[in-house]
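Let the hints inform the model, and build the full structure from the sequences given.
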Amino acid sequence: MILCADNISLSRGARLVLDQVSVRLEPGKITAICGANGAGKSSLLMALAGLLETKVGCVLLAENELSGLHPQIRAQRIGYLPQEAEIAWDVAVENLVRLGRMPYRDRGDAAVEAAIAALDLEGLRHRPASQLSGGEKARALLARVLAGEPQWILADEPLAALDLAHQQTLLSHLRKAANAGAGVVIVMHDLATAMNHADRVIVLSEDEFAGHVAADGAPEEALSAHNIKRVWGVDARWIGEPGARALMTY
Amino acid sequence: MNRAALLFAALLVILLPLSLLAGRVWLDPFTDPRASLILMELRLPRALLAIVIGAGLGAAGAAMQGYLRNPLADPGLFGIAPMAALGAVASLWLGVSASQWTLPVMALAGAALGMALLAIIAGRTGGIALFTLAGLMIASLAGALTALAITLAPSAFAMSEIVMWLNGALTDRSWRDVYLAAPLVLAGIALLGIKARSLDALTLGEVAARSMGARADLLLALLVGGVGLTVGASVAVAGIIGFVGLIVPHLVRPLTDRLPSSLILPSALAGACLVLAADSVVRILPLVTELRLGIALSLLGAPFFLWLLLKMRRGRL
Chain D
1 MILCADNISL SRGARLVLDQ VSVRLEPGKI TAICGANGAG KSSLLMALAG
51 LLETKVGCVL LAENELSGLH PQIRAQRIGY LPQEAEIAWD VAVENLVRLG
101 RMPYRDRGDA AVEAAIAALD LEGLRHRPAS QLSGGEKARA LLARVLAGEP
151 QWILADEPLA ALDLAHQQTL LSHLRKAANA GAGVVIVMHD LATAMNHADR
201 VIVLSEDEFA GHVAADGAPE EALSAHNIKR VWGVDARWIG EPGARALMTY
Chain F
1 MNRAALLFAA LLVILLPLSL LAGRVWLDPF TDPRASLILM ELRLPRALLA
51 IVIGAGLGAA GAAMQGYLRN PLADPGLFGI APMAALGAVA SLWLGVSASQ
101 WTLPVMALAG AALGMALLAI IAGRTGGIAL FTLAGLMIAS LAGALTALAI
151 TLAPSAFAMS EIVMWLNGAL TDRSWRDVYL AAPLVLAGIA LLGIKARSLD
201 ALTLGEVAAR SMGARADLLL ALLVGGVGLT VGASVAVAGI IGFVGLIVPH
251 LVRPLTDRLP SSLILPSALA GACLVLAADS VVRILPLVTE LRLGIALSLL
301 GAPFFLWLLL KMRRGRL
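These protein sequence lines map, in sequence, to chains D and F.
Numbers 1 to 250, taken from my numbering, label the letters of the first sequence in order.
Numbers 1 to 317, taken from my numbering, label the letters of the second sequence in order.
Check each hint, because a few of them may be wrong.
[Said to hold, decoys possible] Quick partial rundown of chain D residues pointing at chain F, CB under 7 Å, derived from the structure:
{"hint": "1", "residue": "L51"}
{"hint": "2", "residue": "A75"}
{"hint": "3", "residue": "P82"}
{"hint": "4", "residue": "E86"}
{"hint": "5", "residue": "D90"}
{"hint": "6", "residue": "V91"}
{"hint": "7", "residue": "N95"}
{"hint": "8", "residue": "M102"}
{"hint": "9", "residue": "P103"}
[Claimed, not checked] Residues from chain F shown here face chain D by an in silico Cβ test under 10 Å; the list is partial:
{"hint": "10", "residue": "N70"}
{"hint": "11", "residue": "A112"}
{"hint": "12", "residue": "S198"}
{"hint": "13", "residue": "D200"}
{"hint": "14", "residue": "T203"}
{"hint": "15", "residue": "V207"}
{"hint": "16", "residue": "A209"}
{"hint": "17", "residue": "S211"}
{"hint": "18", "residue": "R283"}
Keep in mind that the hints were calculated from the coordinates and are not lab data.
The beta-carbon is built from N, C-alpha and C at its ideal position, and this holds for glycine as well.
Now the structure itself:
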């Protein structure tokens, strides 16, 4: 089930955020969206999730316009994790994760249990949200997305609040989901993580008008030292072997 | 039905007969020959009205707090209660409340106007912040117009009638008020319950809720309709009865899983218990004139609100 942005332009208020962007995403892969602040990464992710109206162009899921899909069906297909870890009420972790079943209107015990196990939340199952650390909250919220068993997992900086060990756990679970056929799209700032864990990297950059795609392809090409200089204006060099790269800036 | 709903349903079953017997004169249903008349014509309609109004305000409060994701939200915030009050005050001011239907109908018209204004201003895609601001603005305008009506009251009698009415009460209410309010309040609670799961999704924020299939426009329409019917009908038959919608969800929340959908039914039942109990207490109090129910609940509600703020300051909420 291919997810595709077809020549979309997005604006937020009067500001044009993305101008004529086209990306075609295939399931079974981890795609990272990288770029400088304000380049439109989160906006692109929201548009791909069907949550931001496009000014021009459209987002297609399996050749169908996303805006024409019933919200419940769209929610079954696409799981979206926002950047802000907002939890309004002091809900226990298990009930939080169970909210992920909302698009199906069932309890989905097996999926909820699998999501709890995948994100190492067994011991926190009954803990109220107010007593969770930032990282624990981030894991619980991602487990909510996984509990919906979506065909597409779209996450906005899910790694930002996690410690190294939980970053690795999370990435391995996203890889597992991708291997099982789901499409995974992650907005991330850490270029080394994108380089080592993504199958494809889309680099967004902002010119004087709006954001656009500056590079798109395999991580080694999209995140080349040349592109990093062009987009972020930083002199950098990759060291190490493919799959275990580290970024040296100077 | 969850644990909290069962608890408050049981409490209501205990409170109702007690409330029927309670009063300045306690009723002995077995020996008093007038007992059945007093019960059927005076106390039963009054008790049922207390239950209906309390249930509506409790459910509306729970839904409002869920929608605004704020434990300090109250159905009055939408401006619907002040608009309904304005409609009623207008009927008293104009002196057209001679017919027994005029006042409640004008109050309902006020509530409907408030709902229409909210819909026009906040619209389909207005978002929660704009919606709240629009509600506050409508409430403030209605409040100002009500104050103006009191100041410019055509006679001292009209003025006292308006002021008395604004401090809600259930004194001298009849079956007619029950027939008017009950269907509207029940329909309102049903509307609030339809999309309760979407309120749960809102726990994670507006964008996350939309990504989970919640429809913001539909939710808003149901909420305005639900709050409009419950609060509008309550104000139409009993005047302004504040704080029930604020207090009740707080009493109920610790007994549930804290998700808004688990709160609506128990809050309706707990609201019914609270208003029924409060109305029985104001009847029993040995005062020269009966304490107005609205005043009694505000006397209870304001200190509760302050306690809530202190608790929030200490980060325990």
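How the hints compare with the structure:
Given hint, L51 (chain D) at the interface with chain F, holds; its Cβ is 6 Å from that chain's nearest Cβ, closer than 7 Å. Because the closest C-beta pair between A75 (chain D) and chain F is about 3 Å apart, less than 7 Å, the hint holds. The interface hint given for P82 (chain D) is met, as the beta carbon of that residue sits about 5 Å from the closest beta carbon of chain F, less than 7 Å. Taken as an interface hint, E86 (chain D) checks out: its beta carbon lies about 4 Å from the nearest beta carbon of chain F, inside 7 Å.
A hinted interface residue such as D90 (chain D) counts as satisfied when its beta carbon comes closer than 7 Å to some beta carbon of chain F; here the least separation is about 5 Å, so the hint holds. Hint on V91 (chain D) holds. Least Cβ distance to chain F is approximately 5 Å, under the 7 Å limit. For N95 (chain D), the shortest C-beta to C-beta distance to chain F is roughly 5 Å, which falls under 7 Å, so the interface hint holds. Against a cut-off of 7 Å between C-beta atoms, the interface hint on M102 (chain D) holds, since the closest Cβ of chain F lies about 5 Å away.
About 5 Å separates the beta-carbon of P103 (chain D) from the nearest beta-carbon of chain F, less than 7 Å, and the hint is met. For N70 (chain F), the suggested interface contact is upheld, since its CB lies about 8 Å from the closest CB of chain D, less than 10 Å. Because the beta carbon of A112 (chain F) sits about 29 Å from the nearest beta carbon in chain D, more than 10 Å, this interface hint is broken. For S198 (chain F), the suggested interface contact is upheld, since its CB lies about 8 Å from the closest CB of chain D, less than 10 Å.
Hint status for D200 (chain F): holds, given a least beta-carbon distance of 6 Å to chain D, under 10 Å. At its closest, the beta carbon of T203 (chain F) sits 5 Å from a beta carbon of chain D; the interface hint therefore holds under the 10 Å criterion. The closest approach between the C-beta of V207 (chain F) and any C-beta of chain D is roughly 5 Å, which is under the 10 Å cut-off, so the hint is satisfied. The beta carbon of A209 (chain F) is positioned within 10 Å of a beta carbon in chain D (closest approach about 9 Å), and the interface hint is therefore held.
Of the supplied interface hints, the one on S211 (chain F) holds, with its beta-carbon coming within about 4 Å of a beta-carbon of chain D, less than 10 Å. Because the beta carbon of R283 (chain F) sits about 37 Å from the nearest beta carbon in chain D, more than 10 Å, this interface hint is broken.
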